Amino acid sequence: MKRWDLKIVLKSDLCTATGENVPGITNVKTALEYGIPYVPAKRIKGCLVEAGREMADNGIIEEGMMRQLFGAPGLEREKGVYIQDAHLHSAPKYLFGLNEEGSFTIKDYEQFRKAAENCPEIEDSFLEEVFTRRRARTAIDAELGSAQAHSLRTVQTVPAGIVLKARLEGELSDEGERALELCAKGLRHMGLGITRGFGEVRCSLEMVSSGKRDCAVPVNQYKRGLLEEFSPEEEVELAYEIRLDSPVIVEGDTGAHMDCLPGAAVLGALAGMYIRKYSLGANAHEDVNFRRIFLRDGVQFGYGFLKKGDKQYIPCPKALAVKKDDQSEWFNIWCENPRRKDISGQIFLEDNELHVAVPQKEIHFHHARPADRGIAHALNDRAEDTTHQTGQFFEYIALSKGQVFAGTWKGRAKDIEKLAECLADNAWRLRLGRSKTAEYGECTFCIKGVKRSGQGKSPAVTGKEWLVWLVSPMVLEDENGGPFFEWSSIKEQAEKIMGYPAKEFKSACSYTVVNGYNSKWRMPSISYPALAAGSAFYITLDTDEDIRISELEGKRWGLMTGKGCGQIKLEPWSRVDKGGNICNSDEGHPPAPETSGNESDDGMLAQLCSYYEEKTKCENLSLDKLDTIKREELPPSSSIELLLQILRSQNGEPGFYEEIKLQAEKIAKESKKKRVLELIAPCQGESYEFMKHYLENAKWKARSRDKDENRERKPDYEP
1 MKRWDLKIVL
11 KSDLCTATGE
21 NVPGITNVKT
31 ALEYGIPYVP
41 AKRIKGCLVE
51 AGREMADNGI
61 IEEGMMRQLF
71 GAPGLEREKG
81 VYIQDAHLHS
91 APKYLFGLNE
101 EGSFTIKDYE
111 QFRKAAENCP
121 EIEDSFLEEV
131 FTRRRARTAI
141 DAELGSAQAH
151 SLRTVQTVPA
161 GIVLKARLEG
171 ELSDEGERAL
181 ELCAKGLRHM
191 GLGITRGFGE
201 VRCSLEMVSS
211 GKRDCAVPVN
221 QYKRGLLEEF
231 SPEEEVELAY
241 EIRLDSPVIV
251 EGDTGAHMDC
261 LPGAAVLGAL
271 AGMYIRKYSL
281 GANAHEDVNF
291 RRIFLRDGVQ
301 FGYGFLKKGD
311 KQYIPCPKAL
321 AVKKDDQSEW
331 FNIWCENPRR
341 KDISGQIFLE
351 DNELHVAVPQ
361 KEIHFHHARP
371 ADRGIAHALN
381 DRAEDTTHQT
391 GQFFEYIALS
401 KGQVFAGTWK
411 GRAKDIEKLA
421 ECLADNAWRL
431 RLGRSKTAEY
441 GECTFCIKGV
451 KRSGQGKSPA
461 VTGKEWLVWL
471 VSPMVLEDEN
481 GGPFFEWSSI
491 KEQAEKIMGY
501 PAKEFKSACS
511 YTVVNGYNSK
521 WRMPSISYPA
531 LAAGSAFYIT
541 LDTDEDIRIS
551 ELEGKRWGLM
561 TGKGCGQIKL
571 EPWSRVDKGG
581 NICNSDEGHP
591 PAPETSGNES
601 DDGMLAQLCS
611 YYEEKTKCEN
621 LSLDKLDTIK
631 REELPPSSSI
641 ELLLQILRSQ
651 NGEPGFYEEI
661 KLQAEKIAKE
671 SKKKRVLELI
681 APCQGESYEF
691 MKHYLENAKW
701 KARSRDKDEN
711 RERKPDYEP
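Note that our numbering gives residue 345 to position 345 of the sequence shown, counting from 1, and the numbers run on in steps of one.
Hints are computed from structural coordinates only; laboratory data are not their basis.
Keep in mind that a hint or two might mislead.
With a straight-line cut-off of 27 Å between C-alpha atoms, the simulated DSS-like cross-links for lysine-lysine are [claimed, not checked]:
(1) 114 - 323
(2) 93 - 311
(3) 464 - 569
(4) 615 - 93
(5) 436 - 165
(6) 323 - 311
(7) 661 - 93
(8) 93 - 79
(9) 578 - 2
(10) 707 - 625
(11) 464 - 491
(12) 630 - 578
(13) 11 - 79
(14) 617 - 666
(15) 277 - 311
(16) 93 - 114
(17) 448 - 114
(18) 699 - 672
(19) 617 - 699
(20) 401 - 114
(21) 578 - 341
(22) 617 - 451
(23) 630 - 674
(24) 569 - 448
(25) 401 - 107
(26) 707 - 578
(27) 669 - 617
(28) 555 - 418
All figures in this text were calculated on a predicted structure; none of them were measured in a lab.
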């Protein structure tokens, strides 16, 4: 697989809006990650597609090459290049208050970001102040020639001079690679306001050597031949963790956004790897091994659930709830019956304490442009003619990056070995969920251990009463091995799987539908009614034998176990009958390894720390000097704003004070000129950072004076 770096140099201010705002301060915010600007991959892909279409219209590249580069809706399998977000690569030194040319370069963005997050002196608000600027925009009334009422908008932008880099990957021919390079060169504008001077960029494509990796390979307990200690036909269980390296969009069978990684998503990703590794193509179903592993439930791909620290969270059983008037305690609904409320989130039961955690999610806004490329925005239902594609706004809800989800696979040792080899050939990376070709779905797979099926650390537990619940949906099975549509025989199903008769049986269930989507035929798969995750059963078994929990939990109930359906969890009744306390999980992600600034960047992190100290010092000093000037002696706030604009245009270059003084001396009105010159006199010989804070504080001081004067002039009206 070929890899490239797309280098994006900002020639003017850039705003890649996310739909967020800060009321009263910023109307349009640009995309930020811990205060550091980035360009979402979907924006990059859309801009590359637009540049490619224009070249295809002019005969520079072939029309069919666009499909090879970027794919097309409805394809059987993903095709074209995979595009990642563009992250900060270098920033000019003037942003850090230095009066010198050049820039600081980041060698490894992920290390830099983690180091910045772990630095106690640096907060995301400070990084946002360093790497972004605010620009005001307004609309002009055509009749009056002045600003329209209520039209002022403040836009957050990334300043010119910053360089970002995005990683591109794909299997392209030489012609495809040349076409991609042309698309990159033709990309000249992106983001908002491209007809108003914003978003001018220059892009170039740089080949990355195949051996170069952005991040270290995860520590896996897998080595080739690790499963040789097991016989090929022996049933084994593999424990895994999946780290989300980008947001992941997973939708359930009912269209709801899930809090876990479904087994079907992992199955599909591994099936694609297997097909490519053995060159099976469209005839994969004819291969004996592929059919056994992926189509006949030969390997059971378990669901991945949230993991924080050493705690593995799973869906909460419906038998447990919290009191409506006291949600700090949980109880068993079959033992107590007060007014109750369901427990939302996933749980980890430890003694009588129930730890509750909710996976982090985020909302991403996108828009698709109309087929008419002369229209630069989505029309939605405002279009008069909807027979053609008019564009639309839409949103995705995604699991946030950085989280870890864990689960298990079950199958024959020889089949698990084949899947581990596929992952190793792909550097332990896989893509899950929707929109995998841009911005979403990037994950890292890690094997945590392999053991014989049913072999666990839990001791044998003697008992008759058990709480059993589903952690994934269950499709019931009838006598002939087909899907079961009658819910009255759940007890018989449980007795059959557990291997013992039940003297007493209670259930608290909810229902769902298990289906999917067949991309080859572009139609939904067959839908089956199923018991939803969290469905709980109280079972009293008619036996005095010792029961090992790990053996029973290793069994999958019902059909479609290859896609992760039918996973269960057991707890002795004595552990859940009396209730206990609720503990909301406040554990964060595992701490990032400590890194020094020299390892991750060319002095940028160290400069940020020193700049923070200098900024604090300048703020205090500017306030002290400003206190010596009375409010009445300050020029109008609008004049001070003009001085700030002149200062920003200098970008910290030497001679900025002389330039501002020269412009101030051109003021025609003597009284106003005198006040301006007296205002900036304390800035002579001071740093750019000092003058910026000095003028900012002066502007707000003058504005408060102007408001007070306007209030005094306002006439009083009789009530």
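Checked hints:
| no. | hint | in the structure |
| --- | --- | --- |
| 1 | 114 - 323 | 40 Å, violated |
| 2 | 93 - 311 | 44 Å, violated |
| 3 | 464 - 569 | 16 Å, holds |
| 4 | 615 - 93 | 15 Å, holds |
| 5 | 436 - 165 | 19 Å, holds |
| 6 | 323 - 311 | 25 Å, holds |
| 7 | 661 - 93 | 24 Å, holds |
| 8 | 93 - 79 | 40 Å, violated |
| 9 | 578 - 2 | 59 Å, violated |
| 10 | 707 - 625 | 23 Å, holds |
| 11 | 464 - 491 | 15 Å, holds |
| 12 | 630 - 578 | 71 Å, violated |
| 13 | 11 - 79 | 32 Å, violated |
| 14 | 617 - 666 | 32 Å, violated |
| 15 | 277 - 311 | 35 Å, violated |
| 16 | 93 - 114 | 21 Å, holds |
| 17 | 448 - 114 | 24 Å, holds |
| 18 | 699 - 672 | 15 Å, holds |
| 19 | 617 - 699 | 19 Å, holds |
| 20 | 401 - 114 | 13 Å, holds |
| 21 | 578 - 341 | 17 Å, holds |
| 22 | 617 - 451 | 60 Å, violated |
| 23 | 630 - 674 | 14 Å, holds |
| 24 | 569 - 448 | 20 Å, holds |
| 25 | 401 - 107 | 21 Å, holds |
| 26 | 707 - 578 | 64 Å, violated |
| 27 | 669 - 617 | 35 Å, violated |
| 28 | 555 - 418 | 22 Å, holds |
Hint compliance for this structure: hints 1, 2, 8, 9, 12, 13, 14, 15, 22, 26 and 27 are not met, and every other hint is.
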